[in-house]
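Heads up: the sequence lines are chains A and B, in that order. For the working numbering, add 26 to where a residue sits in the first sequence, where the first one is 1. If you count the second sequence from 1, position 428 lands on 423 in the working numbering, and the numbers rise without skipping.
Please keep in mind that the hints were generated in silico from the structure rather than gathered at the bench. It is possible that some hints are incorrect.
[To be verified] Taking lysine-lysine and the BS3-like style, the derived pairs with C-alpha atoms no more than 27 Å apart in a straight line are:
id	chain 1	residue 1	chain 2	residue 2
1	B	392	B	32
2	B	132	B	47
3	B	182	A	168
4	B	45	B	402
5	B	45	B	28
6	B	132	B	285
7	A	131	B	392
8	B	301	B	132
9	B	301	A	131
[Said to hold, decoys possible] Residues on chain B that point at chain A, a partial pick, calculated with CB under 10 Å:
id	residue
10	99
11	191
12	307
Cβ atoms here follow ideal geometry from the backbone N, Cα and C, with glycine treated the same way.
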Amino acid sequence: MGRTTIIEQQQRHGRKVMAVLPIHYPKEMLTALDILAVELWGPPGPPRGPDVGRIQPYVCAIVRNALAFLAAGGADRVDGLLFPHTCDSIQGLATQAPDFGGWGKAVFRYLHPKGDERPSARRFVRRELEHLAVDLETFAGKPLRPDALRDAIELHRRIRELRLRLADRRAFLDMTDRELYTLLRRGEFLWPEDHLAELETAVAGLRDEPVQRGVPLMLTGIVPEPMAIFDAIAEAGGWVAADDYAGLGRRLLRDEPRLRDDPFDTLVDLQFAGPPCPTRTINQTRRLEHIEGELERSGAVGLVIHEVKFCEPELFDVPLIRRLMAERGTPVLYMETELEQELSGQAVTRLEAFVEMQAPVRLEVR
Amino acid sequence: MITRRLQYELAGQVTGPILMALENYRLQRRRRKHAPKDHPFGPPIACSRKMKDLMSIYYYQGRWADGAVPVAWISSGFPVELMRPFGFYAVYPENHGALCAARHMMPDLAAVAEEAGYSQDLCAYARTDIGSVLSGKTPLGRMPRPDLVAACSNICQTVLYWFRTIADHFGVPFFILDTPYVYGDFKDHHLDFVADQLEELAVVARDVSGRHVSDEELDRVNRTAKEGARLWGECLDVSRHRPAPWTAFDQFFHMAPVVTLRGTEDCNAYYRELLDELNDRVARGIGGIKEERHRLLWDNIAIWPKLRELSWLFASNGFNFVTATYTNSWRESVPLWDLDDRVGSSAKMLSNTLLNRDLRNRFRLMRELISDFGADGVVLHSDRSCKPYSVGQYDLKEAFTRELGVKVAVIEADHADPRQYAAEQVENRLQAFMESFQ
């Protein structure tokens, strides 16, 4: 089932549907209020309407495509739109679309703080969550019950746990990367319990012996688009052993915060618990340590830095990541892809060459 | 430490002023030898020399600042008036980027950053500064090493990534002052967050500087800073007269003290003198350009490497930029500045910047500027390096044309990178824009 069918199905069940721009937001709160979150990563592919021209071509295509999509009525089936405070461009879109045309329904913003955890930031997140809860209660037409929020927190914790198990046992999973990432990305629009059921099926299929053969790689970036990148890696003889994509690996928690009596306190903990993400302006040293840790845990022998063009938060970290990899002796491939276009032949060739060059290394490691 | 402090004080009070005096003497002699060229501008603003002296001495003194006084590298939207009482010498990487661009050093410095892996798609100021830090090259001779790097998100989030990179390079603390973006009205919990961070900043500033500062001292500098911003606003308002006694291109240079030296008596004294001169020009009917036939509003950061060409192009066609959203930014919060509530009103002012508020607010502000200054056209600089300033400009263009009937041009360029400036394309577009007024 595709997004449209899912949206209609959930609405028939009496649920509201919220389109959500990337990246970090309190999904637990939406679930507790019976609101289906449908993430809007562009969508990828050619712009869906002429309004793409309302934003300069030097702005990231996630934002340009989103405006074109919204203005062309692509999201008219949903009931509201949530903008997390991810970057300057999404911040700008959050005023441009509602104020100058493109979106006429309910709008919500979630402004998470920039920088590392500190007392002022924790207090702010708490109050921002409380304000968002009040707005969402009106939108959903029901109160946010603490027990429902606790249940939703537990549900999403279970989802993260299974996704983490799949990540950690990736070599034992008999699925192609394309299949696995299609499954994981269905979490962007499925009702969480339905996503959980799919994850449980996948986890049940984990083998006792490794089934992935070839060169293990780690990928980092914002979003794995175009998804053909996985086909190119597979055809070249590689597989994705770990990822640090903002919408995927950076949402997994190795140290889940303990549940608190007040579920809002748990949501505050969750805000600061994720792996370092440049869109939250986290300390770069921590980010490098995280990438290094994932490389070591997964046994990946090369890193593909896969960026969407014009993504400033990501681009500022690239030189440091490259330097770290050079110090470690870990090969790096830097790729910039256009969200609006298919994977180019040149990109495929570079991926093939990169994977082929790591093959002897892999044999030594194994 | 004592020797360094002595060098620092001598640079600011003795050697700097002497060098400036010698430079002025040399320039005067050179001017006497050459007949003035024909140009479309009014007589030069006499204060300009003083402004150059003020800033040159400040930069010159900076060469000896590290080791003598605490040094903070801060963003242009950061509350320098809250740092100054702790004795910090403030360095503005954005100003430095603009200076490098104006001196045509940007491409070489950016190349150093690009070579190190920083993408050409990143802000040109950031690439310039990072290149300068990596290469040690700067038009200032030497930049003092920071003890603290601090950035405020009220102008963009780019400064957070860029300044974090600089802090990381030097291995010094990095302070983020996060001002939640304002959609519609201010929200109390957003302002409380900013106020909370200002309290945290005071602790960081105290720890880094090793200096305890009284509330009285903070209030005194705050009062001085408000007066400086108010005077700057008065200087801008003089352009409501016809002809305007100066141009926004002049303002781009004269804004340096209110950004850099805000909170000092030197800054205020300078703007008092400038204001007197501007009022005198109004009284005598002297314009910023010789023949002001049309009045324009400039939106976005200046195109520093092409400022001269653009000012000539407009002035020679009788177009004067009488107001600019960019220069207005350092006065727009003065009405919110409550000297009896330093932290609370600072939180509100810091959140109130043009780039920290939604497009409706921007449209309202620009409409007021158009009305107050009698502008009959708008030039929107679509700045490749500044996405928060540029996203939404095409919608603003439509709105101004539809609702106000003013003529609007959008030019694609970059505030610092001349490689992103297609001269022929920009000039053709602007010629067509100017012809539409006939």
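Structure-based check of each hint:
A hinted pair counts as satisfied when its Cα atoms are at most 27 Å apart, and residue 392 of chain B with residue 32 of chain B does not qualify at roughly 37 Å. Only pairs whose Cα atoms come within 27 Å are accepted, and residue 132 of chain B paired with residue 47 of chain B is accepted, the gap being roughly 21 Å. Annotation: proposed proximity of residue 182 of chain B to residue 168 of chain A holds, straight-line Cα distance about 24 Å (limit 27 Å). Between residue 45 of chain B and residue 402 of chain B the alpha-carbon distance is near 37 Å, which puts this suggested pair outside the 27 Å criterion.
Using a Cα cut-off of 27 Å, the hinted pair residue 45 of chain B and residue 28 of chain B holds, with the two alpha carbons roughly 22 Å apart. For the hint linking residue 132 of chain B to residue 285 of chain B, the alpha-carbon distance of about 39 Å lies beyond 27 Å, and the restraint is violated. Distance restraint check for residue 131 of chain A and residue 392 of chain B: the Cα-Cα separation of roughly 24 Å lies within the 27 Å cut-off, and the hinted pair is therefore satisfied. A hinted pair counts as satisfied when its Cα atoms are at most 27 Å apart, and residue 301 of chain B with residue 132 of chain B qualifies at roughly 22 Å.
Simply put, residue 301 of chain B and residue 131 of chain A have alpha-carbon atoms about 43 Å apart, too far for the 27 Å limit, and the pair is violated. For the restraint placing residue 99 of chain B at the interface with chain A, the shortest Cβ-Cβ distance is roughly 23 Å, beyond the 10 Å limit, so the hint is violated. The criterion of a C-beta within 10 Å of any C-beta in chain A is met by residue 191 of chain B, whose closest approach is roughly 4 Å, and the hint holds. A cut of 10 Å between beta carbons decides the hint on residue 307 of chain B: the least distance to chain A is about 27 Å, and the hint is violated.
Hints 1, 4, 6, 9, 10 and 12 from the list above are not met by this structure, while the remaining hints are.
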